[in-house]
Structure formats: C-alpha cells, structure tokens
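Line by line, the protein sequences are chains C and L. Note that the working numbering gives residue 179 to position 179 of the first sequence, counting from 1, and the numbers run on in steps of one. Note that the working numbering gives residue 52 to position 52 of the second sequence, counting from 1, and the numbers run on in steps of one.
Calculated directly from the structure, the hints in this document are not laboratory data. A hint or two may mislead.
[Claimed, not checked] Derived Cβ-Cβ restraints for the label pairs, each shown as a range: (1) L:E12 / C:T145: 26 to 32 angstroms; (2) C:Q25 / L:E13: 30 to 36 angstroms; (3) L:E12 / C:A60: 38 to 44 angstroms.
[What the hints assert, rightly or not] Output of the computed footprint for chain L on chain C, the stretches with three or more beta carbons under 8 angstroms from beta carbons of chain L: (4) 40-54; (5) 64-74.
Yeah, the Cβ is synthetic: ideal placement off N, Cα and C, and Gly gets one too.
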Amino acid sequence: MLHLYCILPAGHAVPDGCVGLDAQQPFAIQAGGLVVWATEHDSPVAPSVEAVRTHNALIAAAMDERVTPIPLRFGQVSSDRDAAAERITAEAETWSELLGRFAGHAEYGVRVMSDSPDAEQDVHTAKSESGTEYMASLARKHARTTGRRTEGERIVETMAARVGSLAGDTRVEYGSADGPLVTVAHLVAWTAADAYHAAMREVRETSGDARFLLTGPWPPYSFVT
Amino acid sequence: MATPERRMSNEEEFALVDLVNRVLDKGAVISGDVTISVAGVDLIYLGLNVILSSIESMRGRALP
Chain C
1 MLHLYCILPA
11 GHAVPDGCVG
21 LDAQQPFAIQ
31 AGGLVVWATE
41 HDSPVAPSVE
51 AVRTHNALIA
61 AAMDERVTPI
71 PLRFGQVSSD
81 RDAAAERITA
91 EAETWSELLG
101 RFAGHAEYGV
111 RVMSDSPDAE
121 QDVHTAKSES
131 GTEYMASLAR
141 KHARTTGRRT
151 EGERIVETMA
161 ARVGSLAGDT
171 RVEYGSADGP
181 LVTVAHLVAW
191 TAADAYHAAM
201 REVRETSGDA
211 RFLLTGPWPP
221 YSFVT
Chain L
1 MATPERRMSN
11 EEEFALVDLV
21 NRVLDKGAVI
31 SGDVTISVAG
41 VDLIYLGLNV
51 ILSSIESMRG
61 RALP
C-alpha cells in the first residue's frame, strides 16, 4: 500500500536525505506528465502529531522558489504504483493548471483570536441546570457569535485593504462562539513575502486587542480543498 | 501530566493546531477511500466525500 504526499511537475525526484512516514524512503511515481511522491507501507499509517509533521515536512521539502507542490491530505492511499499513476493521470490537466498557479507562491495562515473575557463564561453557562438559564445562555451565545462575526469581518476588511494586493488568493473561515474569530489563508509570492509580513504587522497594530498568529510558509493546503 | 515547564505555550499549541488542521482537514483529495484515526480516539472509515472534522472542532464537542 502506498501513502501519497504531493503532486509535482515531471522530473521532480525526491531529494537525498528525505524520509517519509515510518522512516520509509520516499520515491516519485511518473504519471501523465507529473509525478506523485509516495512511500510504501504494509497498512494505512495512523495519524499522530509526529506522522502529521512528517507528512508535511516531506511536502515542504518539495517547495522552492520556482515549484510549489500540490499537497495531498493525510491518509491518501493507493494500492500500488499503477493505481496511483492512473488516479493522477485522470485529472492531470487540473493538477497542471494548479501547479502553474501555485508556482512561485506559498500559503500563509493567519489565526485571529479574541481576548474577550466572556469567552469561557459562555461555554460554562451552557451547562446551567434550569431550562430558563439554559435558554438564556443560548441567547448570550448567539449574541456573542454575532458580535464575533462582526469583529472578524472588520478585521478581514482591514486585511484586504492592506494585504489584498500582495495575496494572489485568499480563503476566509469565520469562527463560531469560541475558538478563533477568523482564520485566513493567503497565497503569497515568495518575492512579496517581506512586504506581506510588514503589511500584516500593520493590520495587527490597528486591530485592537485581537491576537494574531501568523504561520507559514506552507504548501498551499487551503487552496486545493 | 506534563510539568508546567514542558507544557506548550498558547502560541505553540495554536501553531500545532494550525498544522494538524491543514494536514488532516485540507489538501487535495484524489479518488478512493481512506481509513484514518482522528485524534487517537476512534478508528473511523470515511468516504472521501466526507470532510474530516478538524481537531479543533472535535475539541469543541469533546466531553470534559
């Protein structure tokens, strides 16, 4: 059984020294003018933090300033090389178009969190014993979700104004009553990375008490879902 | 239980959640089925048309 990692243009062999899941040696399978990187296993690899890190590290090793791989979600398996090649070939045109769009770019993730003190309170009051209290807690939770959405939208607007021209593409996911206010993914050219970081610092400084976590560069996971 | 010195900071934990969400919940899907265990809790069998729950949303549904 093969565990699959990412799709690349033809000719991109796995660099020396790269290691896959369960310490297996990765290899490239040619398919329809493309390659897919894989490792061989006796059974599906169970996800764990370490396995997730290894999966991502191998895909990240395929990235450089000219080529950005199409990352496959963890758990994509194929029975053998022929089956893997057949699957990639079947959608080769789509994958090639994506590789062209991703070339020279990487994904950056922005997670925006609120330090609002009533965040925990809403979660706990939802466990109230009486029906009235329970309904009241639901109403508070709804109001909180609405308020968080508004705050998230305001931050996204600020981001779009300052970062929009630097991002080739953007994905936005708003949070609910708890967790992050909003999670944003930007597809940014390597050549614009410094300007992007500077622009994000400006967004952070003008967004009040909200906390920002900026991660990346990532393979473009959010743009192939 | 981890000692305070060995516990992750909030930022480290969020960065890890960010990684796990990306690798388990995003990324391209090719045809076929996948067998996967999420968060070490259950072994579940999913058709690939079903989107995996993120670890974060699973935490939200978890019992205390």
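Practice task
Enumerate the violated hints, using their earlier numbering and listing them in ascending order.
Solution key: Result: hint 3 breaks, nothing else.
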